[in-house]
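From first to last, the protein sequence lines stand for chains Z and H. For the first sequence, counting from 1, position 80 maps to 80 in the UniProt record's numbering; every step adds exactly one. For the second sequence, counting from 1, position 215 maps to 215 in the UniProt record's numbering; every step adds exactly one.
These are computed hints drawn from the structure, not numbers from a lab. Certain hints may be false.
Since copy identity is lost for identical chains, a pair holds within one copy or between any two.
What the hints assert, rightly or not - Straight-line Cα separation of at most 30 Å, DSSO-like style, residue types lysine-lysine; simulated pairs:
#1 Lys370 to Lys194
#2 Lys47 to Lys4
#3 Lys47 to Lys13
#4 Lys105 to Lys32
#5 Lys132 to Lys13
#6 Lys204 to Lys278
#7 Lys370 to Lys105
#8 Lys108 to Lys13
#9 Lys278 to Lys194
#10 Lys333 to Lys63
#11 Lys47 to Lys370
Number of protein chains: 2
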Amino acid sequence: MSDKFPETIYDVKTPSFLVDIDVIQRNVTRMKETCDRLGVQLRPHMKTHKTVELGEMMTDGTKKCLVVSTLDEAEFYASHGFDDILYAYPITQHKLGRCRRLGEKLDKFHMMFESPEGLESLKTSPRGNDRKWSVYLEIDLGLGRTGVEWDSEMALTLATEAANSPGIEFLGLYVHSGDSYLARGPDQMRESGKRNTDKLLQLKVRLAEAGVTCRSLCMGSTPGCSHPDDSMAQLDAFSPGNYAFYDAMQLRIGSCEEKDIACRVICRVISHKRSQNKMSVDAGFLGLSQDGMDQGLAGGPVVFQGHPELKLLGMCQELGSVGTQGTPLDFSKYPIGSLLFIYPHHSCATAALYENYYVHSGEKIVGVWKPTRGW
Amino acid sequence: MSDKFPETIYDVKTPSFLVDIDVIQRNVTRMKETCDRLGVQLRPHMKTHKTVELGEMMTDGTKKCLVVSTLDEAEFYASHGFDDILYAYPITQHKLGRCRRLGEKLDKFHMMFESPEGLESLKTSPRGNDRKWSVYLEIDLGLGRTGVEWDSEMALTLATEAANSPGIEFLGLYVHSGDSYLARGPDQMRESGKRNTDKLLQLKVRLAEAGVTCRSLCMGSTPGCSHPDDSMAQLDAFSPGNYAFYDAMQLRIGSCEEKDIACRVICRVISHKRSQNKMSVDAGFLGLSQDGMDQGLAGGPVVFQGHPELKLLGMCQELGSVGTQGTPLDFSKYPIGSLLFIYPHHSCATAALYENYYVHSGEKIVGVWKPTRGW
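For reference, chain Z alone in the conformation it holds in the complex (with noise of 0.2 Å):
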């Protein structure tokens, strides 16, 4: 790519990722506003862009407080300049010296535990230099997938032992609350919200019966946190991350509405194929993911701007195949060469796909931004 970017959002090379910065700065200061307004410390997660310009933004220019899910991301942002990083990874030995570095780089560098495994790695292979592991426990509020069951005895277990543990801070509680993903509408966000923090506070309780302090009761997910139960307020700190772009899902969850969406693909027509009603784009699952395929739904995963009777009927690596919802494909709506703007089904997805950014401002590209990757 040659240093001068394109001009506007027409010159770019299909497929693209764009990202409009002034949706993106209207996201992010309403996050902020929702998390002052609860008294709640907002610490954003990285996961889905990856990149130093949106952490700027994400962190109102501290560059301080934030979520990443890959030691990669930790050291990228430890490397640009970040500090008070917590890795919200279910910690496991082979990790350590990795963190142990980054621990020794940063102020303050968390980490996040959810077994009797990953806890004795942290007791038996001590940070070093006479400071403590900063760790959450990860709970399972019911979903299933990491943490410890919120309701079970090892989360006393563990949250004891790490608190009695010399060389281990116990900061409190972690939990990414996904049910909030299976809400439909603001007012199912804010009953799953009401009834995740009751679960956190519960806890919270048992483990002061138990004599164990927790500090910080950390919540994440981009649904939850977008349409808050005001008995959220009771938290200490949010970690969204997806509110920044936003994408087809959050639409459809109720999260967002689509004049939120931060995040395209840009792609052209390049094939009509009328004996089947049927068109192919030239972004493929290398250019848009196959996240939400197998999920069926009516309109396919992904948002066709300003065409709702556009549906995405499959993809190889770099054709996507378009066609319509049982109305007969007006072709000449759609010559070969046209542009096509896609919002991705799940933008942490797609996004990851691209090796930068470009940055909009209306139609005017204003910069590219470069995510790291890898792990």
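We have chain Z already, so just place chain H on it with the hints.
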């Protein structure tokens, strides 16, 4: 990443993408021998791996006569001294600028068209320097993706018009014989190969009757070329791509045996969820790709080497959820921190997620290959 690469496959970070150089060499040699036996030219496709090193191996050290799927790949290989490159993607007007620059750099650069619009763009935007655009007509043998229908009048019209255009050198017919992916086992692959060859030859005869000479019939697809029918000796060139790596999908189809799969994702068990008879590994959809998850495959889309009982239940960004097929999961066999080796469902999709491939011979890492990506 440090310049010095890890010593063995057990020293890489997880997840990583491993490729076995000895298996690759065997696969590459076998395909070359297959083509030599049939007397067809091997014009291998680079889209699966996109590396210089494997490009050299697949072209038998010549760095000539290859196929690519994106202009980025074409430019990447051209910049590394490869030549005689076919850009096998439906050409459209807006890509001709880059094609013209490629054509200036290369001795031989070929393209593919499949629509009146694509042909028109070639006619109205000459290649320059008194050289002709060198093009194949893409044929659809019934799968309905891109390509002009093999038995249509349009196929005759387009071929005739191209052959009679002074700025165009008409090479012949190019087809991705995708129906070979519907085959199960070598016999069905050969049947598919025979059927598709028959159709292409019929079209060649029809074109000859119309005064149009096809100098080359080029057919791709890894299953079809892995187990070709003898009738395919009547074709001029094969352009398979996946045969160097293969994957779990090719194993299911019957293109290869397990010992032929040259690529694996190495990952670790990081969490046990005993209450739900499942565990998590540190490879999610950014390490494995979602490809295949929508196909309801009984054992999951991927194959766990040495553990036929394991099944990939689902993925989030950085976590894979792994369970069993029917039986209780024996957690003692998979302690936290233990390694698992996964054959990807679709190596084209999975390889594209990695910045580097770790190349090994036996357990020893012998190199690191860096693929190109983008469009």
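Just pull the numbers of the violated hints for me, sorted ascending. 1 and 10
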